[in-house]
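*Asks:* Read off the chains here:
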Amino acid sequence: MASVTLTDVRKSYGATAVIHGVDVDIADGEFVVLVGPSGCGKSTLLRMVAGLETITDGEIAIGDRVVNDLEPKDRDIAMVFQNYALYPHMTVATNMGFSLEHRGTSKAQIAERVKWAADILGLEALLDRYPRQLSGGQRQRVAMGRAIVRNPQVFLFDEPLSNLDAKLRVVMRGEIKGLHQRLRTTTIYVTHDQVEAMTMADKIVVLNAGRVEQVGAPLDLYDRPANQFVAGFIGSPAMNFIGGRITPGGFVAAGVTLPLPAGLPAGERSAVYGARPEAFALAPDGLPATVTLVEPMGPETQVTLMLGEHQIIAVFRERVKARPGDTLHIRPDLEAIHLFDAETGARLN
Amino acid sequence: MKTELAPRTKVLVYGLMCVLLIPFVFPTWWMVTSSVKPISQIFAFPPDIIPRSFDFTTYGRVFELQPFAQQYWNSAYIAALVTIGTMLFSSMAGYAFARIRFPGANLLFMVVLLGLLIPSEVTIVPLFQMFLSWGMINTHWPLVLVPIFGAPSVFATFVMRQFFIALPVELEEAARVDGLGRFKIFWTIALPLARPALAAVAIFTFLHSWNLYLEPIVFLSSPDRFTLPQALTQFTDAYGGALWNVQLAAASMTALPVLIVFIIAQKQFVEGLAHTGLKG
Amino acid sequence: MTSSATSMAVREKRKRPFWTMERRDAAAGYLFIAPQLAGITLFVLIPLGLVFWYSLHEWNVLASTFRFIGTENYERLLTDRDLPRVLGATAIFSAGLVVLNMSLALLLAVLLNQKLAGITIFRTLFFSPVVVSLVAWTIVWSFLLQNNGGINGMLAAIGVEGPNWLRNPTTAMISVIVVQVFKNVGLNMILFLAALQGVPRELYEAARVDGASPFKQFRRITLPLISPTVLLTSIITIVGSLQVFAQIAVLTQGGPGISTTVLVYYLYQQAFQFHLFGYGSTLSILLFVIVAVLTFAQWQMRRKIVFYEN
Chain A
0 MASVTLTDVR
10 KSYGATAVIH
20 GVDVDIADGE
30 FVVLVGPSGC
40 GKSTLLRMVA
50 GLETITDGEI
60 AIGDRVVNDL
70 EPKDRDIAMV
80 FQNYALYPHM
90 TVATNMGFSL
100 EHRGTSKAQI
110 AERVKWAADI
120 LGLEALLDRY
130 PRQLSGGQRQ
140 RVAMGRAIVR
150 NPQVFLFDEP
160 LSNLDAKLRV
170 VMRGEIKGLH
180 QRLRTTTIYV
190 THDQVEAMTM
200 ADKIVVLNAG
210 RVEQVGAPLD
220 LYDRPANQFV
230 AGFIGSPAMN
240 FIGGRITPGG
250 FVAAGVTLPL
260 PAGLPAGERS
270 AVYGARPEAF
280 ALAPDGLPAT
290 VTLVEPMGPE
300 TQVTLMLGEH
310 QIIAVFRERV
320 KARPGDTLHI
330 RPDLEAIHLF
340 DAETGARLN
Chain B
0 MKTELAPRTK
10 VLVYGLMCVL
20 LIPFVFPTWW
30 MVTSSVKPIS
40 QIFAFPPDII
50 PRSFDFTTYG
60 RVFELQPFAQ
70 QYWNSAYIAA
80 LVTIGTMLFS
90 SMAGYAFARI
100 RFPGANLLFM
110 VVLLGLLIPS
120 EVTIVPLFQM
130 FLSWGMINTH
140 WPLVLVPIFG
150 APSVFATFVM
160 RQFFIALPVE
170 LEEAARVDGL
180 GRFKIFWTIA
190 LPLARPALAA
200 VAIFTFLHSW
210 NLYLEPIVFL
220 SSPDRFTLPQ
230 ALTQFTDAYG
240 GALWNVQLAA
250 ASMTALPVLI
260 VFIIAQKQFV
270 EGLAHTGLKG
Chain C
0 MTSSATSMAV
10 REKRKRPFWT
20 MERRDAAAGY
30 LFIAPQLAGI
40 TLFVLIPLGL
50 VFWYSLHEWN
60 VLASTFRFIG
70 TENYERLLTD
80 RDLPRVLGAT
90 AIFSAGLVVL
100 NMSLALLLAV
110 LLNQKLAGIT
120 IFRTLFFSPV
130 VVSLVAWTIV
140 WSFLLQNNGG
150 INGMLAAIGV
160 EGPNWLRNPT
170 TAMISVIVVQ
180 VFKNVGLNMI
190 LFLAALQGVP
200 RELYEAARVD
210 GASPFKQFRR
220 ITLPLISPTV
230 LLTSIITIVG
240 SLQVFAQIAV
250 LTQGGPGIST
260 TVLVYYLYQQ
270 AFQFHLFGYG
280 STLSILLFVI
290 VAVLTFAQWQ
300 MRRKIVFYEN
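Note that the protein sequences, when read in sequence, are chains A, B and C. Numbering that gives the first Met the number 0 puts the last residue of the first sequence at 348; the count rises by one with no breaks. Numbering that gives the first Met the number 0 puts the last residue of the second sequence at 279; the count rises by one with no breaks. Numbering that gives the first Met the number 0 puts the last residue of the third sequence at 309; the count rises by one with no breaks.
Bound-form chain A, shown alone (with noise of 0.2 Å):
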């Protein structure tokens, strides 16, 4: 096992810089998550990890060794593709031996080492078919058992469960989770999905358009996003957003002023107001809002709302009896508004 440092790594494919200097310390034994949109670089970073891109600048550590210029196969890691990527013309044990082949051990070793593999993942009894005789849930626990019979220093996830149903996702989200409590392997995780990432990671990195947007752990980067894109990428439903002006008495937007949290700079400016659905709380002395829909969900209500002339998603925690056109009246817990610069985007509470 070993941690991973990434110092400056840049990308680029010919004139079209792909990712912009990414620095990114992984201690040894860490489960990190590598979050964004499509293209912004999460896929590509990984891949340069595993080295299977060149890297254009700046330096990958494996443990204390600069691995920019080895191979894959010399870098001890091991890698869960998105679509599995297993051998169709071998079968699971083969699949799963496949590698240790390749490095001169023994065929009784191989043997032991894919029987002990199979025995976390639960594979004994498909060690002889086929990956096309295998159903989803199933071909994703033999790439899992393909990257960890070899005992890698590190694994690489790149989007596993992205071919998964949801029902599926959820139970191979708790499978690799407990498959790393286990092993305590250092892991690097891509994924598009914020829940996978607040749910699986030690630590999310959260990346934009080739660059770091936020490094952190789940709940602080949720609790204390540093950038409006963080605070709009974490978090379901989306974290609502306001643009107005911070004023002394208060937040101004169109048709609504809001309460301001204390400890704000000085002065009057423009800025963005950020609330998750779940700062609302009602009250009778709160802010009037006419509610356009109501989704009841069982355990909460999510509910659609005009603040002025603003159009928010709140969700209480009891059920709301409202009907579009109502008047409901909401008030935001202060310790929970993010105030981001119209500008920039950069937190600035």
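Bear in mind the hints are in silico, worked out from the structure with no lab data behind them. Note that the structure is predicted; figures quoted are calculated from it, not measured. Accuracy of the hints is not assured; some may be wrong.
To be verified - Footprint (simulated), chain B over chain A, 3 or more residues, beta carbon under 8 Å:
{"id": "1", "stretch": "47-58"}
{"id": "2", "stretch": "73-79"}
{"id": "3", "stretch": "93-105"}
Glycine included, each C-beta is placed from N, C-alpha and C at the ideal position.
Got chain A; can you put chains B and C on it based on the hints?
*Replies:* Just chains B and C, lined up with the frame of chain A:
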């Protein structure tokens, strides 16, 4: 298109297909049945669709008039060498053009494709001169080397390249992570998965070599070096007239083994050809 | 600023080995194509250069003359009284072959694409001539087309007097075309069938909902969608038709007269029967130019004809 047809249309389609089949099937039938008819009956009027009596002596005559076994062997081993050579070199080149990034790849691919425009009929004169200067006239070298590297192999390279392009690249990336170098990836991952394309290439190449006619008559001069297509035209009487029944017996022996192999493996044959990436 | 400073530091610290991953992979690429490229150079490109060089010479193998004569052979092309008829025969043969081959292949493919019991047997039988040895196939047709052969025998049995197929210029040309079509149409048939089966079913269902007749469906959906295959096979077929040699040699020897002497056969006669390597090479260049022009023209047509490409 694949909707159930009305019964009357079905009868129509079956009838049409049966009529259309005649020129495809009858010649082969006529070849085999005529070869076992006594010479007096092969031009009988009205023609006998089914032979009245059988005479297998013509099959013996084939081997008396020509070193037919030797010629059979010549055709078979030449076709085998050409097929194996083409499969190997074309899949290697096709793989590189599909998968490996190297400077000049596009230009070199264009150069290779140029080979498609230059069938060996165009270059037969200089090829004859080249092989003459190497002392290879009346040997089988030209019949092996020219197809392995000439226009037919270019076609094979194109087919293989199309196939490899469509193969998921993740499989090879997984293999790289698993510790394989380029050659091992090619040999243990890409090539085994390319079986359908390889089958198509093998069929095309084998048939091409098996049917080669211009090259043998240009390059070969002694009957024990002849290949089958060339040998088939040699069964003539002293005046140059065709010994039809002997010729048809030799033709049957040439055609039937391949035909039988085809009928046994027709599914692989047809599907192999259908999935060559020639769909456009 | 700071990030570029670090990257400078990184660059200084690390010396890149010469055999980077890209270079190793590129080297592998060259090794992979080396055999084919060497072979093509030796057996295709150099001979093509030589053909051109030879075409500038008077070269009679029997008289062992080899003399540079510049463009004289090319001038001879223009004055060769047989050549226009040879090119005419080539054009008729190729055009007849391509038209007949493509339309029959399409018809058979459409028939074989129906949901019918035993369709595989029909497919196998229609394809079978492709695997029958070419010369064997030609010999049996030659046998059938004799004046007293099977075809005329059967025509006589129903009271029709058939022509002496291979001794009449018109029927001889028809014969060589038809024999070649039946031999090879199976290949195009299979490629068309694969293309037909690649047309998504929903498109037909949608067209039926829209009220399109089967004929209209074929013209507006099937044909456009299989047009890439049609184009590719037509190129292969046309280039292939220019190489047809064995069938002519066995069936008609280019006769009667020179009515079925196509360019390849003429080139073979000049070079290897009359031993005129120089003029033979000039005819080779002519053949090469025709193949190249036709191929190029068809690729250009692709833009107009092919409605759809992945």
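*Asks:* Going through the numbered hints above, which ones does this structure break? Give me the numbers in ascending order.
*Replies:* Violated hints: none at all, because every hint is consistent with the structure.
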